[in-house]
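Undergrad: Residue 1 is where the sequence shown starts when you use UniProt numbering, and the numbers rise one by one after that.
Possibly wrong hints are sitting among the right ones.
[Claimed, not checked] With a Cα cut of at most 25 Å, we get these calculated DSS-like pairs of lysine-lysine:
#1 Lys16 x Lys66
#2 Lys66 x Lys6
#3 Lys40 x Lys20
#4 Lys6 x Lys16
#5 Lys40 x Lys66
#6 Lys40 x Lys6
#7 Lys135 x Lys150
#8 Lys10 x Lys23
#9 Lys10 x Lys66
#10 Lys322 x Lys272
#11 Lys66 x Lys23
#12 Lys10 x Lys40
#13 Lys40 x Lys23
#14 Lys16 x Lys40
#15 Lys23 x Lys6
#16 Lys10 x Lys20
#17 Lys6 x Lys20
Please keep in mind that the hints were generated in silico from the structure rather than gathered at the bench.
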Amino acid sequence: MAAHNKLTQKQIEAAKADGKQSKLADGGGLYLLLHPNGSKYWRMRYRHGGCEKTLALGVYPAVSLKQARELARAARAQTAAGIDPVAEHHRTRPGSGRSLPEIARAWYGSRQGQRADNTLEGDRRSLAYLTDYYKDNTDINDITTAGVSKFIEHLNRINIPACARRTVQILAQIWDYAVQRGIITDERRNPATTARPLLNTSKPKPQPHIRPDELPDFYRTLQTAHDLHPYARPLLLLAALTVPRPSALLSARWQDIDLTARLWHIPAADMKTKHPFTVPLSDWAVEILRELHTQTGDNIHLFPGIRPRRKPAPHPDHISIKFAHNAIRRLGYDGSTPANPNTPCTDSATSSPTSA
């Protein structure tokens, strides 16, 4: 049996981490965890239910060597009686902010205003899988690779590979969030990262697109078509000439277009990175925008919504991506969005009005 009470007060006071985490063992599972920032944490490693776990006993010097040994002795008595010290600690301290659902909600709150609304909506759906599986009394320190593996098996059974990948990725981010805030009391590796290879793999389907060799014919057809909605031609041409995210172009506002300076200022709120971005406008793009302004210049958006709403909307409406897909179908294609407009083929097709 390992000897107990191996540490001395002088050893503890002189101990330093030397650039990475290290441990000083006192025996019986009790040790002092040394962090590079100079902090010192009492930890006790034990086994319960066949799994190795770690119990946080406090921070030195707030918890002295003597107190840490007393706490470790009490924890060993609990394990001998079949009680999990970590679970018991959490059970007797409700609302301590250490449960996985609580931390998940705090992580989600930290992303508000930092991520696009559609990203936050995807996060919310993934969190629903987590909080349905891990109940409110699940201490994040009890999350193990074996437990995450069972969670992955659960996700695989309900056959949602894409959502499963995102959910496990979010679990890994929540773990890192807890580590950064000192909530995680175990220095082990992120269990979600370790268990991720168990996810079902699904062969990604390539997004439908118009092949580069089809682009010249596509743009010639676009220029000569007579049965398109008035928004369709300027929308698809500007998509190729400015190369924005589809959502940014669909919701573009006239107040952000400076035709004199030949610039399109996309505000931070419309960017996925939440940083403003400026797009230079070519001669052809300016010509298209001037003509479009005669049609929609009295509206907020370049491409205002074309269907009246049954109920008043809190914000002015604009066309959707479905409008663009339908326009492409009317040109004889399958409704796909064009391939990357930066290809040489596209450059030749969109360099000037006469080249298309």
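Undergrad: Each hint needs a verdict: does it hold in this structure or not?
TA: Do the hints match the structure? See the list:
About 20 Å separates the Cα atoms of lysine 16 and lysine 66, which keeps this hinted pair within 25 Å; it holds. With a CA separation close to 12 Å, the supplied pair lysine 66 and lysine 6 stays within the 25 Å bound. With a C-alpha separation of about 12 Å, the suggested pairing of lysine 40 with lysine 20 holds against the 25 Å cut-off. Distance hint between lysine 6 and lysine 16 is fulfilled; the C-alpha atoms sit about 17 Å from each other, no more than 25 Å.
For the hint pairing lysine 40 with lysine 66, the CA-to-CA distance comes to about 15 Å; that is within 25 Å, so the pair holds. Distance restraint check for lysine 40 and lysine 6: the Cα-Cα separation of roughly 17 Å lies within the 25 Å cut-off, and the hinted pair is therefore satisfied. Distance check on the hinted pair: lysine 135 and lysine 150 sit about 15 Å apart at the alpha-carbon level, within 25 Å; holds. At most 25 Å may separate the alpha-carbon atoms for a hinted pair to count; lysine 10 and lysine 23 meet this at roughly 15 Å.
For the hint pairing lysine 10 with lysine 66, the CA-to-CA distance comes to about 14 Å; that is within 25 Å, so the pair holds. Between lysine 322 and lysine 272 the alpha-carbon distance is near 20 Å, which keeps this suggested pair within the 25 Å criterion. Our distance criterion of 25 Å between C-alpha atoms is met by lysine 66 and lysine 23, whose separation comes to about 18 Å. Taken as a hint, the lysine 10 and lysine 40 pair is honoured in the structure, with Cα atoms around 14 Å apart against an allowance of 25 Å.
This hinted pair checks out: lysine 40 and lysine 23 have alpha carbons roughly 9 Å apart, not beyond 25 Å. Between lysine 16 and lysine 40, the direct Cα distance comes to roughly 9 Å. Compliance with the 25 Å bound is thereby established for this hinted pair. Annotation: proposed proximity of lysine 23 to lysine 6 holds, straight-line Cα distance about 13 Å (limit 25 Å). Between lysine 10 and lysine 20 the alpha-carbon distance is near 21 Å, which keeps this suggested pair within the 25 Å criterion.
Between lysine 6 and lysine 20 the alpha-carbon distance is near 22 Å, which keeps this suggested pair within the 25 Å criterion.
Going down the numbered hints, you'll see the structure goes against none, and every one checks out.
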